[in-house]
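Asks: Here's the letter readout for the chains.
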Amino acid sequence: MARPIHLQAVDKEYRTAGNTHVAVDDLTLDIPEGSFTTVVGPSGCGKTTTLRMVAGLETPTDGQIHFGEEEVTDKPPQERNVGMVFQSIALYPHMTVRENIGYALKVKGVDKETRNRRIEEAAEVLQITEQLDKKPAELSGGQQQRVALGSAFVQDPDVLLLDEPMSDLDAKLKAELRVEIQRLHKEMDATVVYVTHDQTEAMTMSDYVVLLNDGELEQFAPPGELFDQPVSEYVARFIGTPSTNVLDCTVERTADGLALTGHGLSVPVPDSLADHEGRRVKLGVRPQYLSPRSGDHELRVTAEVIEQLGTEHVVHGRTADGTPVDVVSEAVADVDPGDEFVVGFDRRRVFVFDEDGDAIALGEGETEDVTPR
Amino acid sequence: MASSRAAGTFLPQRVQARIKQLAVYVTAILVSIFVTIPVYVMVAIAVQSPADVFAGGQVHLLPDAVTLRNFRVLIEETSTVQYFTNSVIVTASSTVLSTSLAVAAGYGLTRFDFRGKTLAARAVLFSYMFSPIVLAIPLYVIFYSLGLLNSYFALTMALTAISAPFAIWLMWQYFQTVPIALEESAWVKGAGRWRTVWDVVLPVAQPGYISAAIFSFAVAWNDFTMARVVMSQDEMYTITVGASLFLDRVSIGWGETMAVSLLVCIPPFLIALFLQNYLLQGFSVGGLE
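Chains X and U, in that order, give the protein sequences.
Under this note's numbering, the letters of the first sequence match residues 1 to 373, in that order.
Under this note's numbering, the letters of the second sequence match residues 1001 to 1289, in that order.
To be clear, the hints were calculated from the coordinates, so they are not data collected in a lab.
In this text, all values refer to a predicted model and were calculated from it rather than measured experimentally.
Don't take each hint at face value.
[Said to hold, decoys possible] Incomplete in silico selection of chain X near chain U, CB under 10 angstroms:
| no. | residue |
| --- | --- |
| 1 | A55 |
| 2 | G56 |
| 3 | T61 |
| 4 | Q78 |
| 5 | M84 |
| 6 | V85 |
| 7 | I89 |
| 8 | H94 |
| 9 | Y103 |
| 10 | Q155 |
| 11 | D163 |
| 12 | V179 |
| 13 | L265 |
| 14 | V267 |
| 15 | P268 |
[Stated by the list, open to error] FRET-style restraints, in silico, Cβ to Cβ:
| no. | chain 1 | residue 1 | chain 2 | residue 2 | range |
| --- | --- | --- | --- | --- | --- |
| 16 | U | R1193 | X | A9 | 52 to 62 angstroms |
| 17 | U | L1125 | X | Q308 | 56 to 66 angstroms |
| 18 | X | T61 | U | A1272 | 14 to 24 angstroms |
We treat Cβ as the ideally placed atom computed from N, Cα and C, and that holds for glycine.
Pulled out of the complex, with its shape left as it was, chain X reads as follows:
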């Protein structure tokens, strides 16, 4: 039965030779029951450590972990009814696929007949019925990954943890397995926590995304909110490809009220930014929201490199002062490297960050929308 996961002020420190390394710092999360939550962030941000603490493979230095009402902080992994798929897949090389999938059931003392029935059901779901009597070494990478998923699926866990399960697969297999994992999530009654460094996986698969930055929680929100209402420059830059364009501007009072100026722009902003008058701020706008033939505000960009992505093109360019700007659009096909062109954007699509990178105005400009971190 799926259970919600609560992390309360969890810390994890590693001490080696007198040095203390903080892997996870004061992390508080409430992962809803039955949801698909992705933990994402760059290498070394503490996402795998977080997952291993939920699994019971690491004990937090401080803080508590609850599954529903039950505290599991100090419980060993054997007593948590957790399913886990490891980055290295971790199939037992000496067992057949059938034995690998059924191992959890065997440990629990399920009789052979029931075991076989459930193994075959899982194999059916994952389309590996024909591989059941082979050894893992005889399977392709994608099939091995399916077996690993099957072995976690068959034990009917309350919580299913996946630690970068697709990092070694090629792009096509990734796309296939992504669908497979989501299908599996619908079939099972479990809360899924998925760790990845690939923000595309995070955005496409999940109900909620946890973005970590150097062991600390940056933002915990549904993918759409992360994309449209990032709480910081870090989130805006990490989520979405290519990365959000960030332009240095200054808040100035003009005849029409407060505005962001710089790079030839003058973007009106609400009075809530009055505190920042005269200060330097950063204006963020996603490459997807820049377009050559539309928008209230215009920016001159010199194209450097152009990449074609099917119908769309990505233009990597720079403004007059050398700030890099990327544009994703179908309407830039005729731009060549070296060309100067004008792109426009809507005021509603702009993020404003203060000097520390915290969001102070988003979209329409209402600071009320910004969830404090």
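Starting from the structure of chain X, add chain U where the hints point.
Replies: Frame of chain X; chain U shown alone:
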């Protein structure tokens, strides 16, 4: 020509390949000459009667008539069977003991953190550098004071002392190649530590501990020093010590000595024949390929 050369070489790759092949053949031939000829001489003398071997004042290495006479003499007139049995007993005990120690130590050294771990590991490797004779005299003193001389137990211990350091080192290396995720995956599935060791660790480490066992076997079976020091009664001699003393007797000649040598060679030969794949697997992980 320049186009067929790889970067940084003066010779075309085809010439290099040929030189390499030639070098391999020359080495192989030299090694087989030095190994095969003595073995052949041993077999040839063992299967002929002494009268035939030395007929005409020259050593006769192409047998005209094959006979088991030498083996019959060994069995009827000497304690060869007893020696052989002694060897089998101490070799088996020492192999089991040394391998078990190695598996336990290797698992512990790779899976747990404890104070002095690096020191322990270094000490193991350091103790491997001692020649058996260095240990032999102190061990003799220990066994003498404990009244354990002339016992299988004492010799088993002494042999394990020689073979265990390398076996431990081998298993330590091997366990480093066994991903800990395999064990963690079993824990998450509900298996306790012991069950995990039994179901996952031991099967996966099999090539490793078979190599360690083969090594321990070879040390124990071929040992002369320890057996000579610990055993002083004729009925406790191992086959190596027993055979070396044959030539001192009037009734035993070269034929019988070569016959007993042949017997000594049989167990290692069988092991090499059946377990060679494991041996290579285990040692290649240990970086000894």
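Asks: If you take the shortest Cβ to Cβ gap from V267 (chain X) to chain U, is it below 10 angstroms?
Replies: At about 51 angstroms, which exceeds the 10 angstroms cut-off, the nearest Cβ of chain U leaves the hint on V267 (chain X) violated.
Asks: Quick check on a hinted range of 52 to 62 angstroms for R1193 (chain U) and A9 (chain X), using CB atoms only.
Replies: 30 angstroms, violated
Asks: Can we keep the P268 (chain X) interface hint, with Cβ of chain U closer than 10 angstroms?
Replies: 55 angstroms, violated
Asks: Please check whether L1125 (chain U) and Q308 (chain X) have a Cβ separation lying inside 56 to 66 angstroms.
Replies: With Cβ atoms ~59 angstroms apart, the hint holds.
Asks: Quick one, is the Q78 (chain X) hint okay against chain U at 10 angstroms, beta carbons?
Replies: Given a least distance of 5 angstroms, the restraint on Q78 (chain X) holds.
Asks: Would the hint on G56 (chain X) be counted as holding, given a Cβ-Cβ threshold of 10 angstroms to chain U?
Replies: Hint holds; G56 (chain X) Cβ to chain U Cβ min 8 angstroms, cut 10 angstroms.
Asks: Just to be careful: measuring from the Cβ of I89 (chain X) to every Cβ in chain U, is the smallest value less than 10 angstroms?
Replies: 8 angstroms, holds
Asks: So, as I understand it, the hint says A55 (chain X) touches chain U; can you test that by seeing if any CB pair is closer than 10 angstroms?
Replies: Where the cut-off is 10 angstroms and the nearest Cβ of chain U is about 6 angstroms from A55 (chain X), the hint holds.
Asks: Going by Cβ atoms only, is V179 (chain X) closer than 10 angstroms to chain U?
Replies: With a closest approach of 24 angstroms, the V179 (chain X) hint is violated.
Asks: Let me know if the C-beta of Q155 (chain X) comes in closer than 10 angstroms to any C-beta of chain U, holds or violated.
Replies: Check passed: Cβ of Q155 (chain X) comes within 6 angstroms of chain U, closer than 10 angstroms.
Asks: Does L265 (chain X) hold up as a contact with chain U if the rule is Cβ-Cβ below 10 angstroms?
Replies: 51 angstroms, violated
Asks: Would you settle whether the hint for D163 (chain X) is holds or violated, based on the nearest Cβ-Cβ distance to chain U being less than 10 angstroms?
Replies: Holds: closest Cβ of chain U sits about 9 angstroms from D163 (chain X), inside 10 angstroms.
Of the hints listed earlier, those the structure fails to meet are numbers 3, 12, 13, 14, 15, 16, 18, in rising order.
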